[in-house]
Amino acid sequence: MLQVLLSGLAIGAIYGLVGMGFAIAFYVTRVINFAEGQLLMVGVMVAAWLARTGLDPWLAVVVGIAAAAAVGAVTYLVAVRPVLAFDRFSFAWLVSTLGVALILENGAALIWGPTSRSFPALLTGTSVHVGSATLTLQEVVTIGLAVVVAIAFELYRRKTLFGKLGMAIAHDPEMATALGANTAVVAAAAFALAGAFAGLAGVLIGPITYSNPYLGDTYGIAGFVALMIGGTARPAAAMVGGLLLGILGEAANKLINTQASDWFPFVVVVVILLVLPEGLFSLVGPLRRLVLRRSRRTSPVRVAG
Amino acid sequence: MTGAISLPRASKPALFVLALAGYAVFAYWAAHSTLYIQGLVLVAAVFGMLAVSLDLVAGMVGLYSLGHAGLFAIGAYATTILYNDHHWNLFVILPVCLAGVGAVGLLLGAISLRVSGLYFAITTFVFTLVLTVFASDFKFTGGYGGLIGPIFPEFPSWLHWAGTSVTWACLIALLLATLVVLAIRVSPLYPVLLAIRDAEPFAAAAGAPTAAVRVGVFGLSAAIAGGAGWMFAFQGIVSPSQFSWQVSVNILVMVILGGINTTIGPILGAVFITVFPAQVNINPFWQEVLFGALFVAVIVAFPSGFVGLLRLVWRHALRRLGAGRARVERAVETPAAEAVVAPERVNGAAPAAPAIECHGIVFRYGSGPLVLNHVDFTVRRATIHGLIGPNGSGKSTLVDLISGRLRPVAGSIEIEGTPVDRQGVTTRVRHGVARTFQSAVLVDELSARQNVQVGLYTRVPRLGPRSLAWPVIPSARRDSRALRERVDESLSFVGARSWAPVRVSDVPHGIAQLTQLAAASAWGPRTLILDEPLAGLSPKEVEHAASILTKLKASGVSIVLIEHQPRFVFALCDEVTVLAAGEVVATGPAASVRENEQVREVYLGQ
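Residue numbers (the working numbering), protein chains in the order written: chain A, 1310 to 1614; chain B, -9 to 596.
By construction, these hints were calculated from the structure, which means they are not laboratory data.
Note that this is a predicted model, so its numbers are computed, not measured.
Just so it is clear, CB atoms sit at the ideal spot from N, CA and C, and this is done for glycine as well.
Check the hints yourself; a few may be wrong.
Interface residues of chain A toward chain B, partial, derived using beta-carbon atoms under 8 angstroms [stated by the list, open to error]:
#, residue
1, 1405
2, 1409
3, 1416
4, 1572
5, 1578
Simulated restraints on C-beta separations [claimed, not checked]:
#, chain 1, residue 1, chain 2, residue 2, range
6, A, 1468, B, 127, 43 to 53 angstroms
7, B, 360, A, 1580, 30 to 40 angstroms
8, A, 1399, B, 276, 28 to 38 angstroms
9, B, 93, A, 1488, 45 to 55 angstroms
10, B, 85, A, 1314, 47 to 57 angstroms
11, B, 97, A, 1399, 21 to 31 angstroms
12, B, 276, A, 1426, 17 to 27 angstroms
13, A, 1585, B, 428, 22 to 32 angstroms
14, B, 10, A, 1585, 44 to 54 angstroms
Using the sequences and the hints given, assemble the complete structure.
Structure representation (structure tokens):
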């Protein structure tokens, strides 16, 4: 059981990172970047290719992440910005970002071939024992890094000016522009950051999956579902969604059958959405109020607001 | 609906007949061409139907469904299984398919409508996903390999000259699906659907049961998808991979790439996406890269899709022909002398009862602070009752409670003596209550005339079912004419008749306000609630609006007027209620309220 939980967390951390990538781009621009999964693939492919050419694997990994971020920003400038400039509320971005996904996936297949190629092993060689369960060091680092990154992002979003700017643009881009915010730069930065998240997920999963141009499909959809579970109000919630999805998938494979992870988590998602249409974290607000009210009743000091 | 493209009225039917003839010629050619081309035509026509059906929900009511591949799958599998295992007649299966998948659609729609926007897409997405997983796992669906579909019956001998029957069948099916959607587009239901999509409070205040209409349209769209599934079964093999969620996304891409909410856009998109990969024979990776690059290029250059491109070409051609339209100068006119909109008796209410009576209304949003605290509010018949108070005093909340958009925590509301506490917005409309909204809530892409038409929703009997064949129903044609007259009367009444054909996004603020007023008063309500109708109007326009309200009052309409500017209120209103911080400060005849010490202090700042 512990093994299921920990393996679930390890794979869920990857889903969560991709989910946060979706969420960060969506958060600022209200656009689902359908090429987000392909950005993960870009990270994997570039890192694997550089490592094959003899570059230090750790440096290759860093360049892979940077490449994913760069492609993310370019996606915004080429495929999203012109469409939003025409009509902020249209869904035309669905077509253009899917187009980017097609270009990236098949472009990668053209350049590096459609089959799986090697990826530097990094930390997969070392095992870590946790109680009765065994994880690779790579998996432990993945879980740790994902949680740290999610928390760091959330702090950054709430505490820094740039983070607040993102919030303002998400809320009302016209007003934010009127106040002097450069929406294009902030949005492009958000897409780059979203790309970096996907790239990070890619180099973390690369040693297990190896590099192949079709990785984007699998992890893209899982990341998207992670976003749905978490809701779109806070990007970091997608990390929790991803971890949950990972555990559900592992458990379904163990307890139902080996293909159950193809559908079981999705059914759970729909049930969650039907009960809580705004995502799992819509519970947080009312719960907090409930707790606050109870504590308010006991204390004579009224909480303002 | 761009307004820039207009042909002489008489040439429209001729153009329609010409298009049909061209389509028939194409069908004849296709039915006599090679098996390869026929296969391509079948698939393109089936996806054309799917795109048309998805455009119906996505384009007209704003539901971006990813469930269409699943609905499509049910149609195809049901046809194949009923034919192979149960030996049903194929033409019995068709109506069963339409009705069955339609019913599934109603159910899916009713469940998923709890969630909106993106979440609607994801719920329907999971529907497709789970269906394909089941189709791959079960024996009776043939697992991953799928099933071999039925063969379409040949034409009888006297029709052999026409060629291959299945090609005709799929092209006719596509035509029928397109015509049904076109019928809705030209019916008076169309503006109502767009109002449900873009301005839901407006549609609801006009008496349209918005949730039910959405579910109904989704059911119809599902039925068409089921029909497409029936047709698709004749293509050969029915297997899970043909109905994956990617197919759902593809259908949506067809709609958007072709041009959302247009008649031929979805078909163009479907043809492009099915024919392009089959006809372009290059390295498959290069082909996909090119495909993706075309997606980006088309949508970035023409965000409204292929139809946007066609419109551009068309406009260019018209300009070449020198058909440029002269700009018409428009202004607010003097309103028609008579109050043409006579209030009608909807039910036999006792005339003595007040129009609106609220007792002890208490309201708060969620667990927030009190917005309204024990408010009593009575509007006498055929009077103008001013409701004033500073920002945040609860005026708009009170009228939302009266119209039924919000429910009070405590207290009761009566309309013409009937308690309405348990009734929703649409039922209250049937008691003769109409309202407008603070900042004009209208459908921007429709003309002023079409917007006013939304207000007449309750005046067209059985609009929903009749809209499916609107242009060919004789009584519908009569209704259309009557409706148009009523709309134009109503626009004349507010003095905005000359703006009737102009898109609301292009009219000045004052005209938008007047259009709202025309829409709310067109169907003859006995009580009108106007939320700041004078806000942002020039002094001349205010005078104009005031004269309209006086006329409405003279014809027996009771009016609640929310307003900020005290000088108009006291001049215009018979009675005034002043709210401050959720409580009634004063209420009574305008003159006595104006003299009230507290009102002067709290509100007039004297």
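For each hint, the structure was consulted:
| no. | hint | result |
| --- | --- | --- |
| 1 | 1405 | holds (5 angstroms) |
| 2 | 1409 | holds (6 angstroms) |
| 3 | 1416 | holds (5 angstroms) |
| 4 | 1572 | holds (4 angstroms) |
| 5 | 1578 | holds (6 angstroms) |
| 6 | A/1468 with B/127: 43 to 53 angstroms | holds (49 angstroms) |
| 7 | B/360 with A/1580: 30 to 40 angstroms | holds (36 angstroms) |
| 8 | A/1399 with B/276: 28 to 38 angstroms | holds (30 angstroms) |
| 9 | B/93 with A/1488: 45 to 55 angstroms | holds (51 angstroms) |
| 10 | B/85 with A/1314: 47 to 57 angstroms | holds (52 angstroms) |
| 11 | B/97 with A/1399: 21 to 31 angstroms | holds (30 angstroms) |
| 12 | B/276 with A/1426: 17 to 27 angstroms | holds (20 angstroms) |
| 13 | A/1585 with B/428: 22 to 32 angstroms | holds (31 angstroms) |
| 14 | B/10 with A/1585: 44 to 54 angstroms | holds (50 angstroms) |
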